[in-house]
Amino acid sequence: MITIESARVRFASTEGGAPMVALADVSLTIARGEFLCILGPSGCGKTTLLKAMMGLVPLDSGQIRIGSHAVTGPGADRAMVFQNYALLPWADVTANIAFGLELRGASREECARQAAHWIKAVGLGGFEHHLPRQLSGGMQQRVGLARALAVEPEILLMDEPFGAVDAQTRRLLQEDLLDLMQRSGKTVVFVTHSMEEAVLLGDRVALMSPRPGRVREVIEVGLTRPRTASVEREPRFTELKEYLWERLRAMRDEAADA
Amino acid sequence: MPDGAGRARVAGLLRLGGWAGGELVAAVPLLAGLAVWELAGWMLGFRFLPPFSRVLATAVGMIAGGELMAPLGASLLSLAAGYLPAAGLGVTLGLLMGRSRGLEFVLSPYLNAFMATPRIALVPILYIVLGLNRAVQAVVVFLGAFFVIVWSTMRGVRSADRDHVEMARAFGATKRQVMWKILLPSALPLTLAGLRLGIGQAIRAMIAAEMFIAVFGLGALLRTYGGRFDAERLLAVLLVVVAVALVCALAAARLDRHLTAWSRTPR
Chain A
287 MITIESARVR FASTEGGAPM VALADVSLTI ARGEFLCILG PSGCGKTTLL
337 KAMMGLVPLD SGQIRIGSHA VTGPGADRAM VFQNYALLPW ADVTANIAFG
387 LELRGASREE CARQAAHWIK AVGLGGFEHH LPRQLSGGMQ QRVGLARALA
437 VEPEILLMDE PFGAVDAQTR RLLQEDLLDL MQRSGKTVVF VTHSMEEAVL
487 LGDRVALMSP RPGRVREVIE VGLTRPRTAS VEREPRFTEL KEYLWERLRA
537 MRDEAADA
Chain B
338 MPDGAGRARV AGLLRLGGWA GGELVAAVPL LAGLAVWELA GWMLGFRFLP
388 PFSRVLATAV GMIAGGELMA PLGASLLSLA AGYLPAAGLG VTLGLLMGRS
438 RGLEFVLSPY LNAFMATPRI ALVPILYIVL GLNRAVQAVV VFLGAFFVIV
488 WSTMRGVRSA DRDHVEMARA FGATKRQVMW KILLPSALPL TLAGLRLGIG
538 QAIRAMIAAE MFIAVFGLGA LLRTYGGRFD AERLLAVLLV VVAVALVCAL
588 AAARLDRHLT AWSRTPR
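Protein chains in written order, with the working numbering: chain A, 287 to 544; chain B, 338 to 604.
Treat the hints with care, since some could be wrong.
Claimed, not checked - Examples of chain A residues lying across from chain B (beta carbon under 7 angstroms, computed): (1) Met340; (2) Leu342; (3) Pro344; (4) Met366; (5) Asn370; (6) Ala372; (7) Pro375; (8) Gly386; (9) Leu389; (10) Leu417.
Keep in mind that the hints were calculated from the coordinates and are not lab data.
Owing to the predicted nature of the structure, the values given are computational and were not obtained by experimental measurement.
Built from N, CA and C at the ideal position, the CB exists for glycine as well.
With the hints as extra help, turn the sequences into a complete structure.
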């Protein structure tokens, strides 16, 4: 279980003015094995919240706990998938996937074995020795996902992972992710700015609003699992999507009035 | 090492040994220039511009006659004795400066000052301080190559993608691992560029220092033949200097191409 208690993060302003409040008093509990989507407009602090869970961004006050341990930095129980993939351009697919294992001192054989397993699992067979620049965006993110899964984390933190790929590729990646995660029992926190994506993937959706970043509402998705993309035809899916859109639009109007 | 990558790497190393067609093509502009030199030499009949073929024959004769071997050996020795420490220490300091803003803040003014200083001007002082010996040549070569290597390596470290550093930290990398697995490979293309520039600077510094005192090396020969207005022999020695520089540059280019293929945009 991940417990976030009154988390606050401020960033020093670049112009030397008042510091920018990225997260203002965010509290949230995420159950073990849950798939939580964090949805919100840009600048609402969703990525900051995710990086705070990873231990990459320190809190100014409040606390984040995994089980009973407070997060003070990155840990082997968590792994992250990055929006811009963050693959090493000089390393081939195999070496990129094994990167986390290599850092943990896994042997060469172990790295190769695990990489081979995950290359298969994410559908990259035949691309073992390609460099990232030789792959499409969707394939690069498959490498990013495999790299995170290869360290066998309990918690997977995903930062708008499919934000930079085209709509068709995105759809395929979403279906493959559903397939992979529903069997794994892992806890997933998935940041997105797409309502469809949030409803399709999440057990719950945490809706965030900007300036200052806070969680406004947590919505139960309540669609049955295991899910496939066909849930998009269910009335509940459309209803939720409409609701989220209304809420996001209301937020924008608030911001415009302020 | 997985088999496919291993084989590809071995194949790459084998290619390092042979002459690829691309390099022959690259030699065409150079050959054209030599042809112009040859023609100009014959047609102008100017005493200080003997044709290339005569200069080449003189150079071959000087090498065969043994007259060039001792100075060439002395020059190559001071080149190695100056350049290798410059490369080792330069890359090390560049990495440290690239990692520490504080160190960069303290040392960059000196770095910039030295890069702008004609270091040749220091040669007389060095001979006075260190005495008339070959160590001076090595020191001058060192000073010629060191600063550009430091600077390029530092810029190389600074060119590392912040997202890669963050990714490595997220996967639990220690500071040391960030250095070896992210910053160092990121810095490689610019570091190698600095090492290449450094070789050219080192050779120029070497010749200049040798010419100044005219006791050791190819520079001393240049000064001797220059004093006799013997253009043929002067150019023959310069030809050998250029050949040394070209060999160094080619070796560096090959190493660079092999190690940093990933950093070039695909065509």
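### Task
Mind listing which of the numbered hints don't hold for this structure, in increasing order?
The structure breaks only hint 3.
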